[in-house]
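Peer 1: Given next are the chains, with one letter for each unit.
2 protein chains.
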Amino acid sequence: MKASLHHPLQAADVIQWDHHCDVAVVGFGAAGACAALEAARAGASVTLFEMAGGSGGASALSGGEIYIGGGSDAQTAAGFSDSAEALETYLQMAGGPDADADKCALYARNSLDHYQWLKDQGVPYKGTYVPGKVIEPTTDDTLIWSGSELAWPFREQAAPAPRGHVIQHEGWGGGRKLVDILEARTVEAGVDVQCNARVTALIMDGRAVAGLVVRQDGQERCIRATRGVILCTGGFCMNEDMLRRYAPHAAKLNDPIGVNDNGSGIEMGMAAGGDAIHLDEFFSTCPWIMPDSLAQGVFVNVAGNRFIGEDAYHGRVSRTMLDQPGGHVYLLVDNATFAQPLDIARIEIAAVGESWEEVEAELGMEPETLSATMRVYNRNAAQGRDPLFHRGPEFMTPLVEAPFAALKLDFSTSYFSFFTLGGLNTAPTGEVLDRGGIPVPGLYAAGRASCGLPRWGHGYSSGMSLADCTFFGRQAGLSAARNEPADAVSNRSIDVVSAE
Amino acid sequence: MKASLHHPLQAADVIQWDHHCDVAVVGFGAAGACAALEAARAGASVTLFEMAGGSGGASALSGGEIYIGGGSDAQTAAGFSDSAEALETYLQMAGGPDADADKCALYARNSLDHYQWLKDQGVPYKGTYVPGKVIEPTTDDTLIWSGSELAWPFREQAAPAPRGHVIQHEGWGGGRKLVDILEARTVEAGVDVQCNARVTALIMDGRAVAGLVVRQDGQERCIRATRGVILCTGGFCMNEDMLRRYAPHAAKLNDPIGVNDNGSGIEMGMAAGGDAIHLDEFFSTCPWIMPDSLAQGVFVNVAGNRFIGEDAYHGRVSRTMLDQPGGHVYLLVDNATFAQPLDIARIEIAAVGESWEEVEAELGMEPETLSATMRVYNRNAAQGRDPLFHRGPEFMTPLVEAPFAALKLDFSTSYFSFFTLGGLNTAPTGEVLDRGGIPVPGLYAAGRASCGLPRWGHGYSSGMSLADCTFFGRQAGLSAARNEPADAVSNRSIDVVSAE
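Respectively, the protein sequence lines represent chains A and B.
With my numbering applied, the first sequence covers 1 to 500.
With my numbering applied, the second sequence covers 1 to 500.
Looking at chain A on its own, in the form it has when it is part of the complex:
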């Protein structure tokens, strides 16, 4: 059997090492760039392999938002106080039922230093705040609310502050600029960047990762990485087979956010003995809060019932939508809050009426379902309270101005973008852990190839993945650079079990 993503090559079977380096990094998104940069600065010779023709990955498709807190210049200038404790609590809550307490604590204590580090690399931050519910700023402002900080139950346990620190950039898509800056620093630091280089297998020396096989110019080359291999290959939102086996509820969505997010690093890491956890988890969102007056709407499922405080982060609301039965949900708005949804969202107007009873009837719903929901909602909204789902008072607008409309968000036809959150289990150092919790020698991972700070679709907040990519990418680079080099292709080190 040929070596592959699923079957590492044994070092003893390598006829010739075609290239030597201390640290090999796979993938040139934000995680890979940060890992390579720190490894090189720590004195390691670093080779970075990227499958595509250049840097980017899913990071370059993002808004370039990084989740940072604890009292940054921008937070202070905008009049917000924040603390490392509040940030840590928020990260813990957002991490869901198996949040990684160590990573949350480490990141929370160091996010301001990390922010400074990003500035030191040349990432520009204007330090100005945009209020309101925005997905990313289209101006060059750089601080926004990017999660569920103000929403229940988060606001009750973690003192809220805006923490989405966005690269200074006009318009959408600051992620490309962020990666460009990190790429420039990476090259300056002497990292040997090799693009159009597809890594096809790891090379193992007993339990340890010794290098990798890469396909370049039609040839397979064996690369010896003395101190370690760092997998920064992204998630698996573009691998239909993996989605089916591990995250079938994401498989029905139509817009994977990725470039080459084929799960190759997760597969290679598992084949090397690494544990992959929470593979069923995914982030998803539908851009229903643009135009922003729609953010005052009320969501109901096909039974006419609300299911969440609609003021939570759009990803949390969208992920909860997907839990609802019937394949679609409705966003209810009145004349005052109605706006034509973005074309791209493919949200259609399903019913219009002079009363909620008429909308209910036009949707073919039972009398006293949707209309009863809206009667309760409007009664409470008039008092600025939501005893059912704890929506914040500023979003409790009574929907009482005719005509009324129901917009339909269909899970299979509306625009639901998504990416996966499960991946290789790593220590805060970036070391890949095996199923017994022991590091696989010589193997590191960061970004969405790993299971990091974001690991629960219902808790995701914008900037959390890039925070994880950049910060824990750096840790992985440092750890690999400091790793004691393994003896050149030593013998297997597993104990002999004898009978007797």
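Hints were generated in silico from the structure; no laboratory data involved.
Some hints could be false.
What the hints assert, rightly or not - Derived DSS-like pairs: lysine-lysine, alpha-carbon spacing no greater than 30 Å straight-line:
| no. | chain 1 | residue 1 | chain 2 | residue 2 |
| --- | --- | --- | --- | --- |
| 1 | A | 119 | A | 177 |
| 2 | B | 252 | A | 252 |
| 3 | A | 2 | B | 2 |
All of these numbers come straight from a predicted model, not from anything done at the bench.
Following the hints, complete the assembly by docking chain B onto the known chain A.
Peer 2: The following block gives chain B in isolation, referenced to the frame of chain A:
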């Protein structure tokens, strides 16, 4: 590093083989018994290792119900017609978004032959039918409705028939008797049964499984299994660490159904290169339909909304409960339907009132939430229809006789039993597949160590796991017995990748 569940021993490192057999089976529940039996009858020398002092596993804790259809004697005698096609469709629907079409088809075509095989082993079936909604018969009758066949949406696509074929047995717990019978046949067939034998690692010869390490009498012994190892070790409902990493939503439940269901086979299979899929899925249930008048009740969540047709299989209803926010749900009943819940279920009466409005108020719920739900429900129930959740007409009893009560099912304190449904990905032959879909030579799995027919908590039906254990256990046994023996500890067979 010592060999362990997470790190196979290499055959080259075995100093002495302490025992030789053609086929080694690990675990002596129903799956292991059937695997061993078929392997032995096919001419293989079989050794079966069981960690406990005797046979049983989770199978012996069950009701001994097996999901069989297509027109059995019992179905026909009770006046039901059924077909292999209807059975296959039902299994497909019950398997959820990644149902295994090949296994569903193979089982549906062969379930009557399998039923005959079970009878041939001496499993008694009286062939008599018990109507109604029962968890298992307490009489010695042997056919019941054991799933969601009559419930929406199943009834619309798969012609309903009762398919729970239960071993003839007075009282609860026929599973113990089923395993005893299979054990007797296993011993008669010449299987070498070794109890108090804990398998601690697999032994690999390159990519192939060559044997296993077992701890017996304080010693570790190396067992050579020439034709294969069959993992029948059950799921991981009793391994808190695995639950946290792979199925954190099950980790909060308090009653794992298992004996030694510690996931050891899944871990060893993964360490040998096997793929494990749908590890997040689990069956769960709370015994709320005993006494059976409670089955006429209505479930609402903390927002006062219904969330499922309550006539679905109790496991499907219970699993959907756990998706609801707030940590508990309420079962609403009136004077006519009220009965004291089973003590064991730890379901408490949370509110009583002369009207649904009073119950609503006593629960501290918003006016017009629960009471509006019940107004709609009672109006529709009077007409025998449920346009919202499609509950069958025979379960649409208006709840109109005061006093009214809300029973509270708390997810953390009520009795929620559960077991895991994810496991090693296997072919219908029982071969364990690697992440590329290629069999791991010499490795087989069956029962809840594998991901079989049941793989979606919301679709589980009673008898589906034992059907899978027994039928696919047999396939695994046959496959292993027919496997070409590997050359005694051959060299690794992986291709050498050379660079030019």
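Peer 1: State for each hint whether it applies.
Peer 2: Okay, the hints, checked on the actual structure:
| no. | hint | result |
| --- | --- | --- |
| 1 | A:119 <-> A:177 | holds, 13 Å |
| 2 | B:252 <-> A:252 | holds, 28 Å |
| 3 | A:2 <-> B:2 | holds, 27 Å |
Hint violations for this structure: none, all hints satisfied.
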